[in-house]
Amino acid sequence: MVNDKESRKIVDIIQDFARKSSLFVLAYGTGCGAIEIPPTMTSRYDAERFGIRGAATPRQADVLLITGYLATKSLKRVIRAYEQMQNPKYIIGFGSCTINGGMYWDSYNTINRLDMYMPVDVYINGCMPRPEAVIAGFAKLQKLIQAGKADGWERYQNNLEFYRKNQKKIIHNWVMPDYNW
Amino acid sequence: MDIGRFLLTSITTTALAFVVGMFYAGFRRKITARVQNRVGPPVYQNFIDVVKLWSKKSNITHGVMQHLAPLWQIATSITTLMFIPILVDSTFFVNLTFKGDLIFLLYLMVVGSLGMALGAGEGGNPNSAIGVTRGLTQMIGFEIPWVMALVALMIQHQTTTIVGLMDVQQASGTWLMFSSPFAFLAALLAMPGMFRYSPFDIVGAPAELASGPISEFGGKYLGTLMTNGSIFAFVKLVLYVDIFMGGATNLVLLVVKTFVLYMFPVLWGLVSPRFRTEQSVRFFWGWPLFFGLLGILQAAFL
Amino acid sequence: MEQELLDLLVEHFQDRIAGSVKSDKRVEIFTSTSAIEDVLMYAKNVLGYIHLVHFSCVDWIEENEFELMYAIFSPKSKITIMSKVRVDRENPVAPNIDYIWRHANTFEREIREMFGIEFTGLIAEKEMILEDWIEMPPMRRDFDTAEYAKKTFFDRPGREDAQDVRETIIKRTGEELPEFSKKYSR
Numbered sequence: 118m119v120n121d122k123e124s125r126k127i128v129d130i131i132q133d134f135a136r137k138s139s140l141f142v143l144a145y146g147t148g149c150g151a152i153e154i155p156p157t158m159t160s161r162y163d164a165e166r167f168g169i170r171g172a173a174t175p176r177q178a179d180v181l182l183i184t185g186y187l188a189t190k191s192l193k194r195v196i197r198a199y200e201q202m203q204n205p206k207y208i209i210g211f212g213s214c215t216i217n218g219g220m221y222w223d224s225y226n227t228i229n230r231l232d233m234y235m236p237v238d239v240y241i242n243g244c245m246p247r248p249e250a251v252i253a254g255f256a257k258l259q260k261l262i263q264a265g266k267a268d269g270w271e272r273y274q275n276n277l278e279f280y281r282k283n284q285k286k287i288i289h290n291w292v293m294p295d296y297n298w
Numbered sequence: 010m011d012i013g014r015f016l017l018t019s020i021t022t023t024a025l026a027f028v029v030g031m032f033y034a035g036f037r038r039k040i041t042a043r044v045q046n047r048v049g050p051p052v053y054q055n056f057i058d059v060v061k062l063w064s065k066k067s068n069i070t071h072g073v074m075q076h077l078a079p080l081w082q083i084a085t086s087i088t089t090l091m092f093i094p095i096l097v098d099s100t101f102f103v104n105l106t107f108k109g110d111l112i113f114l115l116y117l118m119v120v121g122s123l124g125m126a127l128g129a130g131e132g133g134n135p136n137s138a139i140g141v142t143r144g145l146t147q148m149i150g151f152e153i154p155w156v157m158a159l160v161a162l163m164i165q166h167q168t169t170t171i172v173g174l175m176d177v178q179q180a181s182g183t184w185l186m187f188s189s190p191f192a193f194l195a196a197l198l199a200m201p202g203m204f205r206y207s208p209f210d211i212v213g214a215p216a217e218l219a220s221g222p223i224s225e226f227g228g229k230y231l232g233t234l235m236t237n238g239s240i241f242a243f244v245k246l247v248l249y250v251d252i253f254m255g256g257a258t259n260l261v262l263l264v265v266k267t268f269v270l271y272m273f274p275v276l277w278g279l280v281s282p283r284f285r286t287e288q289s290v291r292f293f294w295g296w297p298l299f300f301g302l303l304g305i306l307q308a309a310f311l
Numbered sequence: 472m473e474q475e476l477l478d479l480l481v482e483h484f485q486d487r488i489a490g491s492v493k494s495d496k497r498v499e500i501f502t503s504t505s506a507i508e509d510v511l512m513y514a515k516n517v518l519g520y521i522h523l524v525h526f527s528c529v530d531w532i533e534e535n536e537f538e539l540m541y542a543i544f545s546p547k548s549k550i551t552i553m554s555k556v557r558v559d560r561e562n563p564v565a566p567n568i569d570y571i572w573r574h575a576n577t578f579e580r581e582i583r584e585m586f587g588i589e590f591t592g593l594i595a596e597k598e599m600i601l602e603d604w605i606e607m608p609p610m611r612r613d614f615d616t617a618e619y620a621k622k623t624f625f626d627r628p629g630r631e632d633a634q635d636v637r638e639t640i641i642k643r644t645g646e647e648l649p650e651f652s653k654k655y656s657r
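Chains as they are written, first to last, in the working numbering: chain A, 118 to 298; chain B, 10 to 311; chain C, 472 to 657.
Derived by calculation from the structure, the hints in this document are not laboratory data. Positions of the beta carbon are idealized from the N, C-alpha and C atoms, including for glycine. Check each hint, because a few of them may be wrong.
As the list claims (entries may be wrong) - Taking lysine-lysine and the DSSO-like style, the derived pairs with C-alpha atoms no more than 27 Å apart in a straight line are: (1) A:286 <-> C:597; (2) A:285 <-> C:621; (3) A:285 <-> C:653; (4) A:257 <-> B:108; (5) A:126 <-> B:66.
Unchecked claim - Pair ranges (Cβ atoms, derived): (6) A:290 <-> C:613: 20 to 28 Å; (7) A:281 <-> B:28: 44 to 52 Å; (8) B:11 <-> A:277: 54 to 62 Å; (9) B:138 <-> C:613: 47 to 55 Å; (10) B:264 <-> C:600: 43 to 51 Å; (11) C:531 <-> A:146: 34 to 42 Å.
So here's chain A without its partners, still in its complex pose (with noise of 0.2 Å):
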């Protein structure tokens, strides 16, 4: 429903606003970003009045968070919990080292470019970013959902070729189920 921006009916305008509003994010610690997680959600920043909330398994989570380096073993388990989320859903690339690999960008082992695997809807740049600049993705998330813009799970559906090929490129013993939604 989230096609261009002239045809959108009222209903997917009220959608897009719950969506917008409230955020479950797949609390999975993949780096060293993680930190900066608990400062963003208890008392000092409050990312919860914005309705953004930590969700307990990737069924329940709309945002996965890739919160820094991403190794190639985690690649793996964070592509498995990616496509066990329900649609739509969004990620927030975290740190440089998602943008272009930090300071692992000559590693054997991290990943330098996350969009290359994964549909990124909004990059977080900083080593690390502070809990202010965290706030300040999830509500240009926020604006994106709500201007229908958010459209990642799409591109990740209708490309799948492409990510499946880089994703076998590094993960070469491929054992994952199909994704099929």
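Starting from the known structure of chain A, arrange chains B and C on it as the hints suggest.
Leaving out everything else, chains B and C in the frame of chain A:
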């Protein structure tokens, strides 16, 4: 009662339970946030959550039973709601009272959890199985003082209907929480276990069990479960108010009484760390059970 | 105290062992793959060096050898013995010591995976940290991680004007760039 009026009133009753329960859950989040020195989400946040969960575009299910489990639960909650008098002598709200409905309710209130156990088992997630085991074990814990409290009241007043108990309070002019204090204490201490709030939230502990039984439920299933949670919270609160606090003659009084009662598990939960399963069972079989026994003795011999 | 310990070891193992006192509470001994098990057993059972602090590997690519380093510690004398063993780089085989210390098993698995050194009689899964690794063991110094990362992962353009840390430091301090690190410099 003709069928059209019945449908209208039952839908109204359910909607009232849903709205009040949702706002209570929202207030709970807000109060939790204020206690933790946060601003907290708006009180209508849970409505937004439910709308969002229902507007998910894909909803995975692992089988028929998992599909039915949230429906089973919400059907149980609404059925329970139909048997509980919302207001004293109300002609509008549905009340399918019959002789022995208090005993019937004792059974009905656990049926939802059993359905949830079946549905969670089908997901195949080990966290669900562990959560179900813990939930059913904990249920053995809090059900016994709760049943003893009700049995005490039933013995004392020779009635097995909620309306009968409310009539007793109307006639004597005192609430049962004052005339049968031990039964009330037993039931009150069993209440946080019934709500599964902290310290008895080991069943769905998010960090330890990945939310336990509901870990495989996403999208509209989770939305249904959240709806069910709010309705069922309202049901339990109204039942407590009806039995122990003389019911309510109008909606404002009902909301005030239930909210005051609701603050007990909420505020207790805010300052309590989590019990393990055997600790919570030991708790319920300690003072609550003792108070339940005292309540029965009082009912039988005084 | 350290010298006494060294004398004791040399007296017991004669010419199978050589060593020196590095500093206070540090004794360094050099031995061979055939003697290392005896040395460790003797140190553990007779001298009381009951704790294997660390077990690691260094790649001496210029000498075509790997150096295995066993750090053992005695809580009584508070001395750490660094026993070092050289193995051939072409055919790296070392004795298995996980019957002396159980936790040496983990170190050995890691060294086997990261340097490709085989431990005779080591019973463990082949994969430990890396998954699906088909290249040469990555901690060997002739493994070019930058080249591998460039080949495997996707570079985002925009790093060309980044300054090289080594060159910047050299410009500031006037040090000379070591030979082996030249290939990493831009």
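Next on the checklist: Of the numbered hints stated earlier in the document, which are not met by this structure?
Outcome noted: 3, 4, 10
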